[in-house]
Amino acid sequence: MINIFEVTETNDMIEKENLDVRTITLGISLLDCIDADIKLLNEKIYQKIYQEAKDLVKTGEKISREFGIPIVNKRISVTPIALVGGAACRTIEDFTGIARTLDKVADDVGVNFIGGYSALVSKGMTGADELLIRSIPMALAVTERVCSSVNLGSTKIGINMDAVRLMGEVIKQTSENTQERDSFGCTKLVVFCNAPDDNPFMAGAFHGVTEADSIINVGVSGPGVVKNALSKVRGESFEVLCETIKKTAFKVTRVGQLVAQEASKMLDVPFGIVDLSLAPTPTIGDSVADILCEIGLEYAGAPGTTAALALLNDQVKKGGVMASSYVGGLSGAFIPVSEDQGMIDAVLAGALTLEKLEAMTCVCSVGLDMIAIPGDTKAATISGIIADEMAIGMVNQKTAAVRIIPVFGKGVGESVEFGGLLGHAPIMPVNPFSCDAFINRRGRIPAPIHSFKN
Amino acid sequence: MKKTIITVIGKDTVGIIARVCTYLAENNINILDISQTIVQDYFNMMMIVDTNSTTVTFMDMVDALTGLGNEIGVVIKCQKEEIFDKMHRI
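From first to last, the protein sequence lines are chains A and B.
Just so you know, we're using our numbering here: the first sequence kicks off at 1 and counts up by one.
Just so you know, we're using our numbering here: the second sequence kicks off at 1001 and counts up by one.
Bound conformation, chain B alone (with noise of 0.2 angstroms):
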């Protein structure tokens, strides 16, 4: 499985998730996972995502959310899960 994380830092807003899982959901992007903390009064949010069954490619996917975060004023970042598995597991 293709997995993906996204992560949203950003100040705490109204609709922070609900923006990013619409377009997740649209796009036929499964969500596997979600955690969130509030670290130095900024929302953190991370997700787990399978994009599998996507038709939408990897890059566009990161334009589409850099651009969404730019419109909530957050900084939205994707991710392959490799970088995160090699540098935490051995």
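Okay, chain A solo, but in the shape it has when bound (with noise of 0.2 angstroms):
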């Protein structure tokens, strides 16, 4: 039976190290709601994606309650837009208009984040896809919730750099239009290499064609335990320092299998799968900077960070993958800047540039992530930093990604604050030179060697 030390662990965790089931996101399938008529499109898809979510704010918060652990975030996502809205849409207030109606459903039925506003383009973008992607600065400036992705490109198909250069020119009119609020649009758009069709986390998460018509994918995460855990271990071994955080993973995943299994249940919805990702938040001791130095930097981004951070995300993923049957693609470690005050604070004191962050991501699980740069660095700057990410991506065959925010009328020694979970962040200086020839080049990048496997 279990007993009191295994509790009073259990429970501190939650209540001492922030040990939290980051999000159940719930994926539904829009493919059924296409239609020719605008109208009627946007009446479908509000009444599919009410009716499936309408319990699903309810069931976390039961769920929570039952086991005693917080379930911080409910999403919604769904099946790309651009192909939802191929048949309708004519124009960008078109696609704008089913943002609204997405927007509008996700705070009916009480969700903080309604994700896959997106397009998947990573060979080439069909009429829809250009005017979704076309769509994207007005829709994250009228909507709240609404977050966008666009894939654009794979290990198996290569970069399209036509999409990468449009998508320059969109973040930075995203930062513009809404410059009011500290370009906040831009926190709401992520561009992809190899983006998972079952992510739960945002802004990233959209319902692939793969998946069937509604999924329950959990994320789950723990920086603050696996940091105590390893400060318990300090000056030991490599082999003692991998153990332990392979055993803490292993534990906060089967936490979000359970999590995942209770809702299925609820909701009778199907069981995709649980990602384990050390997301870190603002909050003190919520950080996987923190988790580096306790491993033995300094600051984040000091020599040694990439190898620390490969070893992290390797374990992390050990760990997960024998606690449920079922593990997310992106499981691993997550490093945005604004959302984790260790690596603010390794910006500040100078350890941790834009570069280095670009190192970190060849071994991490996702990419550049939240990073304020000056309103001012051009579209082709902004491409040829998501082209760099990309190629990361499709070489290493991972998923990369690039959440990257021009802050409109700001510049390096200011900072921006997004609040809540986005948290804040210093504006980081970008590499002033130039690539805008490399960039204007038509066309896309072929695969790589490796990709031919057949």
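Hints listed in this document are in silico derivations from the structure and should not be mistaken for laboratory results.
Treat the hints with care, as some may be off.
[Claimed, not checked] Each computed DSBU-like pair below joins lysine-lysine, with the alpha-carbon atoms no more than 30 angstroms apart:
#1 A:LYS265 to B:LYS1080
#2 A:LYS265 to A:LYS62
#3 A:LYS318 to A:LYS247
#4 B:LYS1080 to A:LYS318
#5 A:LYS318 to A:LYS356
#6 A:LYS62 to B:LYS1077
#7 B:LYS1002 to A:LYS265
#8 A:LYS410 to A:LYS318
#9 A:LYS58 to B:LYS1003
#10 A:LYS247 to A:LYS356
#11 A:LYS247 to B:LYS1003
[Said to hold, decoys possible] What the simulated footprint calls covered on chain B by chain A, stretch by stretch (three residues with Cβ under 8 angstroms from a Cβ of chain A suffice, anywhere in the stretch; the number is not a length):
#12 1033–1044
#13 1055–1065
#14 1075–1083
[What the hints assert, rightly or not] To give an idea of the chain B side of the interface with chain A (calculated C-beta under 8 angstroms), a few residues:
#15 LYS1002
#16 ILE1005
#17 ILE1048
#18 MET1087
#19 HIS1088
We put the beta carbon where it would ideally sit given N, CA and C, even for glycine.
Quick one: dock chain against chain with the hints and give me the complex.
Shown next, in the form of structure tokens:
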């Protein structure tokens, strides 16, 4: 039988080390809503999401009370809207109308974000894809809860550089359209290489076309738990270090598995995956950078950071796969800057630069995340940053992403406050040299040689 | 069997166990195991209880025991056993 020490350990993780279920994300397919009539399409989308998700928040709260674990977010992801709206949308305003519908239904069912205002364009863009992408700056300015993502490349296909160029402009425009709120729109916009179909985390969640009609995906998090466990093995060998991370990751993932199963049962929706990602929040003690410091670095960004992060990410995955039969592809460590107080401190101390962050993304689960850069950064430069990150994802056969915020009207030395889980960030300098001629080339980068495995 | 873990943490005082047990007895909740330690001067108790025969719902039990905890000046939590089982048993 369970003993008092085990109970205390679990409850200490929850109460003192910020162990939580970061999100229950309900994926909903909108493929059966497709209609050539824009009004009917909006109605069908609203009804389908409302019917599927009306009990989501209530269910999340019930599970939270039964097991005594916080479930921070309840969210929805939907089929990429470029596919759903293709038959009906003729203008940017048509697509923006769908964004408003998504925002309204998200508000009505009580979720804080809805993801899937997306297009998958790793090889080429259809007319609808391009229209949706061009509508993003307006859609993110007139909605609160809608998150947008665009998949620009993959290991199998290569990188669509025309879309990369366009996204640089779209990010700039989104920044300008939401300038009165420190370019807040860009925090809800992410571009991917090798985007997973079942990602429960925002802003990149969408319900892939390979998925069932609806599905529950759960994201658990607990950087504080890992840090605390590591503080007990200071000075020990790498073997002990790895073993400790693995055991902790196992325990955390098991909680996610339990919550996912319960939610699946209560909502009568199949269970998809558990994603164990060490996803930080601005709360003190809920930081991935602090784990890196606990492993032995003065600040995140110091020499050794990439190796420490590689080790951390790998052990988290190894612990996680033992704990659940269906572990999500992103599992590992997230390294957003504005959402992690340890990362912010590292930037302010001069230890962490954009280039070091890029190196770190080679070995961790996502990419350049929540990084504020000067508002006057050129669109082509943003595209260059995106292209670099996409190349890392493509060549390393991993998911890579960019969520970067050129803060309108602000420059290096200033900082930006997004509030809540999105946190605050010092504006980081960007390499000033031009890549215009590279970005202005037309076409796509071919798939790498190791993609020819057939 | 549906098992619930009740934990009580707080400053030690007379009658904590008695009052929790009274509530459980009144509601036909059977205690399977009790253990108690004093950690850093704090009273720390865990009970494993069987809720099969009770007529109160889990949520009502949570509310009642949380209220009782507030009266005594301790924190009482009720959690379904599965969260601990999942985390600590393979």
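Determine which of the earlier numbered hints do not hold for this structure and return their numbers in increasing order.
-> 8, 15
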